[in-house]
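Visitor: Chains as they are written, first to last, in my numbering: chain R, 88 to 352; chain B, 88 to 352; chain S, 88 to 352; chain U, 88 to 352.
No wet-lab data here; the hints were simulated from the structure. Hints may be right or wrong, so weigh each one.
Since copy identity is lost for identical chains, a pair holds within one copy or between any two.
Derived DSSO-like pairs: lysine-lysine, alpha-carbon spacing no greater than 27 Å straight-line [claimed, not checked]:
{"id": "1", "residue 1": "K91", "residue 2": "K181"}
{"id": "2", "residue 1": "K181", "residue 2": "K169"}
{"id": "3", "residue 1": "K144", "residue 2": "K131"}
{"id": "4", "residue 1": "K144", "residue 2": "K274"}
{"id": "5", "residue 1": "K181", "residue 2": "K274"}
{"id": "6", "residue 1": "K104", "residue 2": "K315"}
{"id": "7", "residue 1": "K131", "residue 2": "K114"}
{"id": "8", "residue 1": "K109", "residue 2": "K160"}
{"id": "9", "residue 1": "K169", "residue 2": "K315"}
{"id": "10", "residue 1": "K239", "residue 2": "K144"}
{"id": "11", "residue 1": "K143", "residue 2": "K131"}
{"id": "12", "residue 1": "K274", "residue 2": "K112"}
{"id": "13", "residue 1": "K144", "residue 2": "K267"}
{"id": "14", "residue 1": "K109", "residue 2": "K91"}
{"id": "15", "residue 1": "K104", "residue 2": "K114"}
{"id": "16", "residue 1": "K104", "residue 2": "K215"}
{"id": "17", "residue 1": "K267", "residue 2": "K131"}
{"id": "18", "residue 1": "K267", "residue 2": "K315"}
{"id": "19", "residue 1": "K250", "residue 2": "K131"}
{"id": "20", "residue 1": "K274", "residue 2": "K131"}
{"id": "21", "residue 1": "K181", "residue 2": "K131"}
{"id": "22", "residue 1": "K274", "residue 2": "K250"}
Protein chains: 4
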Amino acid sequence: MPIKEGERVYLRLEDGKNYLLKVEKGKFFSTHLGNIYFDHIIGKEFGEEVYTSQGKKVYLLQPGIVENIFHMKRRTQIVYPKDLGFILLMLDIKENDRVIDVGLGSGAMCGALARLVGERGKVYAYEKREEFIAIARHNLSQWGWEDRVEIKQRDIKDGFEEKDVDALFLDVPNPWDYLKECWRALKGGGRLAIVSPTAGQVMEVLRGLEALPFEDTEVWENLFRQYKTNPSAFRPVDRMVAHTTYMIFSRKVSPPDWEVDLKET
Amino acid sequence: MPIKEGERVYLRLEDGKNYLLKVEKGKFFSTHLGNIYFDHIIGKEFGEEVYTSQGKKVYLLQPGIVENIFHMKRRTQIVYPKDLGFILLMLDIKENDRVIDVGLGSGAMCGALARLVGERGKVYAYEKREEFIAIARHNLSQWGWEDRVEIKQRDIKDGFEEKDVDALFLDVPNPWDYLKECWRALKGGGRLAIVSPTAGQVMEVLRGLEALPFEDTEVWENLFRQYKTNPSAFRPVDRMVAHTTYMIFSRKVSPPDWEVDLKET
Amino acid sequence: MPIKEGERVYLRLEDGKNYLLKVEKGKFFSTHLGNIYFDHIIGKEFGEEVYTSQGKKVYLLQPGIVENIFHMKRRTQIVYPKDLGFILLMLDIKENDRVIDVGLGSGAMCGALARLVGERGKVYAYEKREEFIAIARHNLSQWGWEDRVEIKQRDIKDGFEEKDVDALFLDVPNPWDYLKECWRALKGGGRLAIVSPTAGQVMEVLRGLEALPFEDTEVWENLFRQYKTNPSAFRPVDRMVAHTTYMIFSRKVSPPDWEVDLKET
Amino acid sequence: MPIKEGERVYLRLEDGKNYLLKVEKGKFFSTHLGNIYFDHIIGKEFGEEVYTSQGKKVYLLQPGIVENIFHMKRRTQIVYPKDLGFILLMLDIKENDRVIDVGLGSGAMCGALARLVGERGKVYAYEKREEFIAIARHNLSQWGWEDRVEIKQRDIKDGFEEKDVDALFLDVPNPWDYLKECWRALKGGGRLAIVSPTAGQVMEVLRGLEALPFEDTEVWENLFRQYKTNPSAFRPVDRMVAHTTYMIFSRKVSPPDWEVDLKET
Numbered sequence: 088m089p090i091k092e093g094e095r096v097y098l099r100l101e102d103g104k105n106y107l108l109k110v111e112k113g114k115f116f117s118t119h120l121g122n123i124y125f126d127h128i129i130g131k132e133f134g135e136e137v138y139t140s141q142g143k144k145v146y147l148l149q150p151g152i153v154e155n156i157f158h159m160k161r162r163t164q165i166v167y168p169k170d171l172g173f174i175l176l177m178l179d180i181k182e183n184d185r186v187i188d189v190g191l192g193s194g195a196m197c198g199a200l201a202r203l204v205g206e207r208g209k210v211y212a213y214e215k216r217e218e219f220i221a222i223a224r225h226n227l228s229q230w231g232w233e234d235r236v237e238i239k240q241r242d243i244k245d246g247f248e249e250k251d252v253d254a255l256f257l258d259v260p261n262p263w264d265y266l267k268e269c270w271r272a273l274k275g276g277g278r279l280a281i282v283s284p285t286a287g288q289v290m291e292v293l294r295g296l297e298a299l300p301f302e303d304t305e306v307w308e309n310l311f312r313q314y315k316t317n318p319s320a321f322r323p324v325d326r327m328v329a330h331t332t333y334m335i336f337s338r339k340v341s342p343p344d345w346e347v348d349l350k351e352t
Numbered sequence: 088m089p090i091k092e093g094e095r096v097y098l099r100l101e102d103g104k105n106y107l108l109k110v111e112k113g114k115f116f117s118t119h120l121g122n123i124y125f126d127h128i129i130g131k132e133f134g135e136e137v138y139t140s141q142g143k144k145v146y147l148l149q150p151g152i153v154e155n156i157f158h159m160k161r162r163t164q165i166v167y168p169k170d171l172g173f174i175l176l177m178l179d180i181k182e183n184d185r186v187i188d189v190g191l192g193s194g195a196m197c198g199a200l201a202r203l204v205g206e207r208g209k210v211y212a213y214e215k216r217e218e219f220i221a222i223a224r225h226n227l228s229q230w231g232w233e234d235r236v237e238i239k240q241r242d243i244k245d246g247f248e249e250k251d252v253d254a255l256f257l258d259v260p261n262p263w264d265y266l267k268e269c270w271r272a273l274k275g276g277g278r279l280a281i282v283s284p285t286a287g288q289v290m291e292v293l294r295g296l297e298a299l300p301f302e303d304t305e306v307w308e309n310l311f312r313q314y315k316t317n318p319s320a321f322r323p324v325d326r327m328v329a330h331t332t333y334m335i336f337s338r339k340v341s342p343p344d345w346e347v348d349l350k351e352t
Numbered sequence: 088m089p090i091k092e093g094e095r096v097y098l099r100l101e102d103g104k105n106y107l108l109k110v111e112k113g114k115f116f117s118t119h120l121g122n123i124y125f126d127h128i129i130g131k132e133f134g135e136e137v138y139t140s141q142g143k144k145v146y147l148l149q150p151g152i153v154e155n156i157f158h159m160k161r162r163t164q165i166v167y168p169k170d171l172g173f174i175l176l177m178l179d180i181k182e183n184d185r186v187i188d189v190g191l192g193s194g195a196m197c198g199a200l201a202r203l204v205g206e207r208g209k210v211y212a213y214e215k216r217e218e219f220i221a222i223a224r225h226n227l228s229q230w231g232w233e234d235r236v237e238i239k240q241r242d243i244k245d246g247f248e249e250k251d252v253d254a255l256f257l258d259v260p261n262p263w264d265y266l267k268e269c270w271r272a273l274k275g276g277g278r279l280a281i282v283s284p285t286a287g288q289v290m291e292v293l294r295g296l297e298a299l300p301f302e303d304t305e306v307w308e309n310l311f312r313q314y315k316t317n318p319s320a321f322r323p324v325d326r327m328v329a330h331t332t333y334m335i336f337s338r339k340v341s342p343p344d345w346e347v348d349l350k351e352t
Numbered sequence: 088m089p090i091k092e093g094e095r096v097y098l099r100l101e102d103g104k105n106y107l108l109k110v111e112k113g114k115f116f117s118t119h120l121g122n123i124y125f126d127h128i129i130g131k132e133f134g135e136e137v138y139t140s141q142g143k144k145v146y147l148l149q150p151g152i153v154e155n156i157f158h159m160k161r162r163t164q165i166v167y168p169k170d171l172g173f174i175l176l177m178l179d180i181k182e183n184d185r186v187i188d189v190g191l192g193s194g195a196m197c198g199a200l201a202r203l204v205g206e207r208g209k210v211y212a213y214e215k216r217e218e219f220i221a222i223a224r225h226n227l228s229q230w231g232w233e234d235r236v237e238i239k240q241r242d243i244k245d246g247f248e249e250k251d252v253d254a255l256f257l258d259v260p261n262p263w264d265y266l267k268e269c270w271r272a273l274k275g276g277g278r279l280a281i282v283s284p285t286a287g288q289v290m291e292v293l294r295g296l297e298a299l300p301f302e303d304t305e306v307w308e309n310l311f312r313q314y315k316t317n318p319s320a321f322r323p324v325d326r327m328v329a330h331t332t333y334m335i336f337s338r339k340v341s342p343p344d345w346e347v348d349l350k351e352t
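Produce the entire structure from the sequences given, and follow the hints as far as they go.
Guide: And the structure:
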């Protein structure tokens, strides 16, 4: 299918530099290797190439979730692809799921969740700060997922409005303050993921989870290392990301006597 | 919704030991902490608990993709969850995608792909060895994804029967021998992921990709480290997985003159 | 120089299994690959081979610090070679240094320090528990370093008997309780290394160091990964050590007003 | 002992920036936080402080091996402290050892070796390139180890002039070409360490070692990760070194028939 006006295209230059742009008839985009004219792009197929005004090759690629996240408008630290894939798997996100996303931020995790829950699933995204809601809404609409997301400008210390959600993702500085609210919102066996960058935060969360009916708690971190792609000098790159976040996973259980205690608080 | 006969349940004992079983009326399952009677389970909700004949607590949890993979029937090395989430993200697998999975093995990656492509997507799974096809079919039917998968007992040296697929996952000992076939099967800009455990294999693949119209090639590996969850002695576990596989990612591009060359071979 | 009776030899069998033994005339040692007769060894050169009673090859190698540590008598967790080399470097241990070693344990670190300080250097080793002192003394005498070590069965809460030491290695469960004593014992600019396995311990030590005249504080951990040595299938091993300890390094400084405050406590 | 004119001092500013300078009477050194006058430093003790012309604190510390390496004059990639400590340990370098260092470069490894072999030990350093010899000589004389090092401007393809050395460190782009020469120079059981940054180089070395009487071959790499030292936000730093080199270790053995074969070549 040929590329149309208004479509978003991931442009990759010969030197690896790349851009994610909306194609606009009659306009052009300036790069260090010359101008790229959108009229050259309209009608081409993905995978094909155009040339800059300096004759440099530009590949036309369809943006996917990873390119979208790296090129999105943002004002916050985002959840990195290296962590994102693992969290989505551990939260077992799938078609039709109802999921809560706390700490919407710029919307990266929210978009990833929305994509996976499908048309009949739903993401409830909580965010206190108005300016982030605007950015996240912009990003979600770019990706086409805004219908699957319900954004709520609320402080979660008043609890969640949903019950029996399949999964809950919590990305706030003080997650231990909301563990009871998470427990109440999850379905039996529902999955919780919390991201925290410091060891002290993780310790505090672990103390909180121990005191509540959560089971199967795991804490993980990961190191992703990229390699140089020259086959005759195959080796890791020189520098890498050392840390993004610790990831805590747990599941709600429902012992007979707990419901009562938690209702009272 | 109460647990019904025939449903698959992830049972988690007090000591962390766990089982993935199909509930069968009138039967029981023996563990080192006593018998678990399925009749106690039927009618319970997920998240609730039953007790073994020795009075030990057993949590009833819904199995998800990670539990399914770790408990599935297998005769091959599987793709680990630590790699799986990242590969699915880098391949940009989503609703309605048409994807090729080469080296079906026990079906772990195939199941993960089927889950994500949704009802209107399709996974074409190639596998030469009959015994693996039987195991994979069993696993896929357990998970409920068999309708989304078309299994082909064929040697891929004869090429793929599909064209314009969105993504292709290649897990064979000699991936460099099939790169042209991969290029032909992918759509423009389509995504390729290859897993290879040894450095020599990666070097050979990189040589092959360089010689073909593939762009945006990346090689990654990851180290996932788990932590002990005792909050007053928070620290990494003693031992971890050191290596599963290198992961190679690339995208098909279509320079004007290449189609011809590749057709001739 | 030929191997003599009484000498310690590192024996390496064909299958990689190895032993560190003292050569005793007329005796033999039993292995899963047959007996090794010491009389065959006496008079051979290091690097040469003998054969077991089953005709299996055994290489005769001189034991070094790494072999000594892995084969020593022990009752405690030891400092691993992967950490040891880095700590010795960061503590800048060299000929003629005077060094304090707290938490002698089985004597691995003490032996490594003794080796480096030379004949005119000294290691002061503190250990409360009598049973460890016996083991450490045994190990140090095996390695020939006992003259360079002064073992003190004392609780360090009463302070150290030395002043102006070049470096201090602290391996106790509650290092934060002794930081003032460390400061007093070190020379100006002297180097301190502390090993602690849990994050909570490190945080407590960092709080303590901040409150005292220490500068240049660094915290490190390391992951060492071994590779399979088959050149046609070069790849990392399957599993590795995930964690031994965090390592904290700092240096004493002497602001004009501090000496007074510390004396008063 | 008070700091004297001509002595080398490691100066550490309040903001962590640091310099390694020779104290010169009547002169000063300019920094972004003001001038440091050497006359203020002469007569002070290590660990004490002086102030810049802007009133900023400067700690006076004795430089050790790590500071020397990071601040030395260099024109080459150096062996990093993270690798250095481990290599010195695995090579079992100690007093009185005779060691060959190939690929002198700027002299970092050579200096570390010289320090450990003591007054009666010796380091034979081979380097073809005259300009590196000059730099290395400068660095070695700064550290005071020039007497323990014999520098040879020779191509090692003609073999080594030494026999029966305890250890050999090989840091050249094509180590596989010199393995026979290494075998000839080492004593029985002598230790070899080779550093190579790419996987292909390691594979080539492993092939070479397999064909010669070397035993106990190991390949390692390490990842060192630093932590932020703020105790209330304890966490790894954001970025880290991903790769410096693979490290290959092996030991010479002497089967009865090999000496002959090797002599003939």
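Visitor: Evaluate each hint against the coordinates.
Guide: We went through each hint and held it up to the structure:
| no. | hint | in the structure |
| --- | --- | --- |
| 1 | K91 <-> K181 | between (31 Å within a copy, 22 Å between copies) |
| 2 | K181 <-> K169 | both (19 Å within a copy, 18 Å between copies) |
| 3 | K144 <-> K131 | within (14 Å within a copy, 62 Å between copies) |
| 4 | K144 <-> K274 | between (52 Å within a copy, 20 Å between copies) |
| 5 | K181 <-> K274 | both (15 Å within a copy, 26 Å between copies) |
| 6 | K104 <-> K315 | within (16 Å within a copy, 32 Å between copies) |
| 7 | K131 <-> K114 | within (16 Å within a copy, 62 Å between copies) |
| 8 | K109 <-> K160 | within (14 Å within a copy, 47 Å between copies) |
| 9 | K169 <-> K315 | both (18 Å within a copy, 21 Å between copies) |
| 10 | K239 <-> K144 | neither (44 Å within a copy, 38 Å between copies) |
| 11 | K143 <-> K131 | within (17 Å within a copy, 62 Å between copies) |
| 12 | K274 <-> K112 | between (49 Å within a copy, 25 Å between copies) |
| 13 | K144 <-> K267 | between (55 Å within a copy, 22 Å between copies) |
| 14 | K109 <-> K91 | within (10 Å within a copy, 50 Å between copies) |
| 15 | K104 <-> K114 | within (20 Å within a copy, 48 Å between copies) |
| 16 | K104 <-> K215 | neither (35 Å within a copy, 40 Å between copies) |
| 17 | K267 <-> K131 | between (53 Å within a copy, 23 Å between copies) |
| 18 | K267 <-> K315 | between (46 Å within a copy, 23 Å between copies) |
| 19 | K250 <-> K131 | between (48 Å within a copy, 19 Å between copies) |
| 20 | K274 <-> K131 | between (48 Å within a copy, 13 Å between copies) |
| 21 | K181 <-> K131 | between (34 Å within a copy, 23 Å between copies) |
| 22 | K274 <-> K250 | within (7 Å within a copy, 42 Å between copies) |
In this structure, the hints that do not hold are numbers 10, 16, in rising order.
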